[in-house]
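J.: Listed here are the chains, written in short residue letters.
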Amino acid sequence: MGASAAALYGSEAVNGVLLITTKSGKGKKGLGVDFSASYNADRVAYLPRYQNVRGPGYPLNYNNGGQDANGFISYDTNGDGVKETRGLLGATVNFGPKFDGQPITSWDGVIRPYSPSNNSYGNLFQNTSSSNINLAVSKVSDNSNVRFSFTRQDNGMISYGAKNTKNIANLNASFNPHKRLKMDLMVNFINQYTHNRPFMVDRMINNFTGMMDRFESADWYNTRYQTSLGYRFVNGAGTQSLTPNENIRYNGFKADIADYVWNVRKNESDEYSNRVIASITQHWDIVSGLNLRGRIATDLTSERIENKNYSAVPLAFGYSGGFGMSNNLYNSVYGDLLLTYSKKLNEDMSFSVLGGYTANSALNTTLSRGTNGGLSTENFFDVAASVNVAGGGQSRNRFIRDAYLGTVNFDYKNIVFVEGTIRRDRTSTLAKGSNTFVYPSVNASFVFSDAFRLPSFFSFGKLRASYGVVGNYPGIYAANVAYNQGTLGVQQTGGSSVLFTNLGATYGNDLIRPEQKREIEFGINTKFFNNRLGLDISYYNAQIVDQILPLSIASSTGARAILANIGTLRNQGLEIALNATPIRGKSATDLNWDITLNLAKNVNKVEKLANNSTELLHADYDGNAAQLRSVVGQPMGDIYAYGILQKDGKNVVGPSGLYQLDPAWKKVGNAMPKIVGGFINSFNYKNFSLEAVVDFRIGGSIMPTGINWMTSRGLTEQSLTNMDAERGGLRYYVDNGKGIPTTGTAGPAGQPVYNDGMLMDGVLANGEKNTNIISQAVYYNSTYNWGGPQYSSSRYELYVVDNTYAKMRELSFGYTLPSSIASKIGAQSLTLSVFGRNLFFFYRTIKDLDAEQTNAGTRWTDNVNNAGNNPSFRTTGVMLRASF
Amino acid sequence: MKKISSILLAGLLLFAMSCKESEFIEAYPDPSKLATSTIEKQFTGFLQSNRDYVLPGYRLYFVTLRTTINHYVQTTGWVNGEGQYVPGSSGVEDVWFNYYGTLAQYRELQKIYAQRPAEEQKEKKIFMLAATVYLYDYTQKLIDLHGAIPFKEAGLLSANGGDYAGSLPKFDSPQELYTMMLDDLKSIATELNGITLTAGYQKSFTIQDFVNYGDINAWKRYANSLRLRMLNRVSDVESLKARANSEIAEILGAATTYPIVETNAQNIQMNVFDLNTPINSTGLRSALESGATWYINFAGKKIIDHMKANSDPRLPVIFQPGNNAKGEYIGIDPMANTNVQTALANDGMAAVYNRVTFSGNNFFPGVLINAAQVNLIKAEYYLRTGNDAKAQTAYETAIEQSVTFYNKILSQSNNIVGEKNIPVPATAAQITAYIAKDGVNWTKAGTAANKLALIADQKWLHYNITQAFENWSDVRRLDMPKFSFVPDNSNNQTLPPSRWTIPDNEITYNSNYSAIKDQDKLTNKIFWDVK
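Those protein sequence lines, which keep their order, are chains A and B.
Convert by adding 1236 to the 1-based position in the first sequence; the result is the number in our numbering.
Convert by adding 132 to the 1-based position in the second sequence; the result is the number in our numbering.
It is possible that part of the hints are untrue.
With a straight-line Cα cutoff of 30 Å, these simulated DSSO-like cross-link-like pairs (lysine-lysine) come out [to be verified]: (1) B/LYS254 <-> A/LYS1903; (2) A/LYS1902 <-> B/LYS273; (3) B/LYS302 <-> A/LYS1668; (4) B/LYS653 <-> A/LYS1903; (5) A/LYS1903 <-> B/LYS649; (6) B/LYS373 <-> B/LYS318; (7) B/LYS302 <-> A/LYS1883; (8) A/LYS1319 <-> B/LYS273; (9) A/LYS1883 <-> B/LYS273; (10) B/LYS653 <-> A/LYS1974; (11) A/LYS1886 <-> B/LYS653; (12) B/LYS653 <-> A/LYS1902; (13) A/LYS2005 <-> B/LYS165; (14) B/LYS318 <-> B/LYS273; (15) A/LYS1668 <-> B/LYS649; (16) A/LYS1844 <-> B/LYS649; (17) B/LYS254 <-> B/LYS165; (18) A/LYS1974 <-> A/LYS2005.
Calculated Cβ distances over 12 Å to all of chain B for the following chain A residues [what the hints assert, rightly or not]: (19) ALA1405; (20) ASN1917; (21) ARG2117.
Please keep in mind that the hints were generated in silico from the structure rather than gathered at the bench.
In this text, a Cβ means the ideal position worked out from N, Cα and C, and glycines have one as well.
All chains should be built: construct the whole structure from the sequences, respecting the hints.
T.: Here's what the structure looks like:
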């Protein structure tokens, strides 16, 4: 397998091939009916460990914003001129007064007990359910088999109001009109409707003004995101509004959260799509040993999208809202022709030869139009309502690929197999003159258990080895360097249209070379004790030459990014699969226990970079606070941050009482896991079955900045440490900007005394021991904040943590009805099962989020620092399967 | 029969499917883009690159100016917060990326121009000259913000055929760049005097130049006014003092050779002609009307108090009282307690920038250089060189022109926000009364130092948020008007900075940064800021 099999499929298989074979009707003769139905419920899970001790605000030793000694401000809520009701500071931090249950003004004007709401970020989402029903009918006869299936899915998503329904019809048929001819037909039709695709939560996670405090409740936002007239919330007592009494005027309101709720609950987006995937394959046995196969396939998607943004303000105050619609067509045609000749040379040897041609052509067109400047009539959702001339966009993407390929293989006594392949690719994403590429592969396997006499417990053993080259090409139009053309329209009375051109911010590369992956692979498959134990080991070593990447460059060169062959990478690893049956049931009703254990270790290194660079910078986070780099000769994915400045082996503390950052970069972690794997246990006893799937990962750092910023805002349990004497806080008073320890109730000159002190262990710049006690609020706010040394004292090295975990991925328990009962309703078999997914962690190093929460994209560089996806959820459900 | 039909099928498939080489070549380029361009089209492409930073664009006002310059010169009022004197990286980067994106288009224009035959180069020289003047205006702005910037080697990626490693530019010294620009602008001014365009080329220049509509005299005035601006800026630097004064004298003394912007009719600005084109100021509304909690639109106490004390005729045109202030103008005091500041904003008491003149005005022009600005430069020059009478004339003319300037902007507004209280434009009588007031009157000021303070005040009032970059540069250079700030002890930067530092993107990807790293500190003054 590996590069060898991929050579047959070309550049699309540079990351491997997943072969999906759909069910055919083969098997038992006659009519067969299969039915399955499943229903599952999703609930938000794995939220951070929030604190429920104090609300928004800060103490006087942190900052004076006009609060009293307890941390409250006062409002006059009954209009008598006296400020009698407590209120909270309008702060983004939560080092405020402890919850005491006494009345306080909330931001919606209601006076409530000052207690934690227990109805927070997670309550902005919905618990949801999904269902999937499938019916398949198949008929097998002498020279044909047909299978038709229909599936209906109703998928709920935890983002409020989001849902997706799919109707899928599938026909799989195969006919033998003649003993030398066979025709396969496959048609797949998918009709899909998606309403309100999940909205990004970035403004509530990676943004201080969007983090909900512990006093406010999600219910308030879910009610007050719009006014009683249906317009967007109005913030500020003096802001113009048709309902000024509903204006939000008290502290604590977070517009970013209300904005999210407005977008999710009010605005609508609908996507309708119809997709047809069809293929027809004709096989012809011309003469014995010579076979010709031709195939034509198409994948056609027609998509219609509408976005409705409701008018946020009344027409009297200006235009708002918007409407957009788009029609997109994705059309891909594929064809191939393969001629195979196989011959038995003698008793022991046979060989076969294959030659063929494949081609693929795709054309994707998108067309959209939308309003510009708002809707001229409130909530009239049509492009005709555009205040200014409607805008729009369009694109045409065309792509052609073809290849000539050939393979030769030998088989000796079914013990030794040798195969060689060669492929000549052509692509339209590379410029003329460099758009073809030839690559070979060779592989061999040796079933040594059949060749030699092995001890009886050794049931099967096969060795295999392969070497292959696969190419990869840039994306559509990525390499092409050309000018954008636009028009400014008429700019003077009686003038003509002003046309202009410019270069884009991303520069292509007409001389880009294709990427080549050269891979060598060795493997051994063994089975022991009559297939009761199996061990598969494979080792691979791949060198990727001329890796193609859009490289970020300094904007002062003239572009922000350029497409480049950045250099040579090496990817090697070991995969082990162990299958065992510790308990083998002698009959179908006895206890049977199967185990599968997978382990994989992969090391990715940069061998060489273009222009003799020594390192590749993947990302720079938060104003130079941390970087993700790959250094030549080292495993990829090093995370760098700034450590604490050292003086004679001791930490240096700055004049503010916080640790001083060392200006030199320090490596604090690596994003690549050491080992990943899975552990599957299946039990069968009588009519019951139990399957447990566990996924685990050891090592590999992530940097979930969103969680750490919550600590800087005082929202996590960690940020409560040292907040008072019971929690370890030191007692001190402040003199001339420095905190001085004391045991008294006031300072020598009557200064107020605080109990939330922390002392950084270290020395000052001049070598003296540090004695400056600081407030824990200042410590947590400054140490877990945003920004590099230029902007803050944040210690990003604390954010980088190894993400080791073992998760119960899926647990399912099933019961198959005895056939005597099943046959009463005409079924040959009937199985009922309950299942759960993402259930719990056996172990995890990072406890404030789901270990897989940072996975935002397919590129590993996007999955290091992120907490900005929708929350994770747990699924539980039931499934029924029957065949008739 | 079946055999034949199957052979036919196979043959048909092969024929239908095999793709010709020409199809691959055709499918390579993006069908929506052009392979080649012309001097004219690339000239306009360059000119419109920074339109969102000349016109009052959304990001310029909301992301960049709101938390930086508008606070440093207290033209807006806000609530004090931590880290407020460190310029936000996003806003600083925006300007940097936009400048270098514009420079890239200029370099591309140079590249296209260089490849044209000599005949064509001669006929179309005006495009290159105009582009250079326009570029130097923006370049001066960036140098005034950052100090040393890459310029001479910058933007050459396309000219170097995509060799990105070889296109990393060195940082040039700001003084060198100023000298280079002054020398170039002088020769351009002279060359513009000698240019004549044939009718055909004049026509295409008129169409493509949507700033000055092909008027060569306007470009001459732009070039020379730009020289005045630059010379005045460096007029305190020891090594450039003499040159500054003598060259200004030369320009002011030869109105026909070196014409400058003298009246509002000659203002150099990007005008909004049609709201349905990309040249419009619709972004200003979303920037200024984002909501009270962003403190973008409120007036600062100092500027309101100055205007109130002297019955400034521009007060009702530039500002308006808070909705609940019963007609009284109240600015937010940066020295007050955060509670007081928040209350003023949330209770609708604080004055805001006039919603008809500013946020509701989709036709707000993109200001480059205007008459009042030039006259204040003249006033400063004459005061410095001891010509009190001319200084006074220039000063008083500038005030009158500033008032008329804002009246004009008001008259162009389409009041998209539906504001009911439309301000009354200022009258000539009000201007006269204003000039006589104690806080404004030239003769009553007495000493040269006091008169310079008057000029500084008028610059600050005239520029307000409309010409924020110019405002901050003059405040830093003159050290007037004087502002009080609450120190931010939670941060290393306790008071407003003297510059913006180089953005992280440049630090990360341009190894040449290490040469200027030591000078790149927020507290480091720009070379012309000697006081």
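J.: Could you run down the list of hints and mark each one as holding or not?
T.: Going through the hints against the structure:
1. Annotation: proposed proximity of B/LYS254 to A/LYS1903 is violated, straight-line Cα distance about 57 Å (limit 30 Å).
2. For the given pair, A/LYS1902 sits about 36 Å from B/LYS273 by alpha-carbon distance, which is inconsistent with the 30 Å threshold.
3. Between B/LYS302 and A/LYS1668, the direct Cα distance comes to roughly 35 Å. Violation of the 30 Å bound is thereby established for this hinted pair.
4. For the given pair, B/LYS653 sits about 26 Å from A/LYS1903 by alpha-carbon distance, which is consistent with the 30 Å threshold.
5. Straight-line distance between C-alpha atoms of A/LYS1903 and B/LYS649 comes to about 22 Å, which keeps the hinted pair within the 30 Å bound.
6. With a C-alpha separation of about 17 Å, the suggested pairing of B/LYS373 with B/LYS318 holds against the 30 Å cut-off.
7. Of the pairs offered as hints, the one joining B/LYS302 and A/LYS1883 is violated, with about 35 Å between alpha carbons and a cut-off of 30 Å exceeded.
8. Simply put, A/LYS1319 and B/LYS273 have alpha-carbon atoms about 49 Å apart, too far for the 30 Å limit, and the pair is violated.
9. Taking the CA atoms of A/LYS1883 and B/LYS273, the gap is near 42 Å; set against the 30 Å cutoff, the hint is violated.
10. Between B/LYS653 and A/LYS1974 the alpha-carbon distance is near 26 Å, which keeps this suggested pair within the 30 Å criterion.
11. The suggested pairing of A/LYS1886 with B/LYS653 holds, with an alpha-carbon distance near 27 Å, which does not exceed 30 Å.
12. For the hint linking B/LYS653 to A/LYS1902, the alpha-carbon distance of about 22 Å falls within 30 Å, and the restraint holds.
13. For the proposed pair A/LYS2005 and B/LYS165, the alpha carbon gap of about 66 Å is over 30 Å, so the pair is violated.
14. Only pairs whose Cα atoms come within 30 Å are accepted, and B/LYS318 paired with B/LYS273 is accepted, the gap being roughly 19 Å.
15. Restraint check: the Cα-Cα separation between A/LYS1668 and B/LYS649 comes to about 44 Å, which exceeds 30 Å; the hinted pair is violated.
16. In summary, the hint linking A/LYS1844 to B/LYS649 is supported, as the alpha carbons are separated by about 29 Å, within the 30 Å threshold.
17. Straight-line distance between C-alpha atoms of B/LYS254 and B/LYS165 comes to about 29 Å, which keeps the hinted pair within the 30 Å bound.
18. Straight-line distance between C-alpha atoms of A/LYS1974 and A/LYS2005 comes to about 14 Å, which keeps the hinted pair within the 30 Å bound.
19. The beta carbon of A/ALA1405 is kept farther than 12 Å from every beta carbon of chain B, the shortest such distance being approximately 27 Å.
20. Every beta carbon of chain B lies more than 12 Å from that of A/ASN1917, the smallest distance being close to 48 Å; the non-interface claim holds.
21. A/ARG2117, annotated as away from the interface, keeps every beta carbon of chain B farther than 12 Å; the closest lies near 40 Å.
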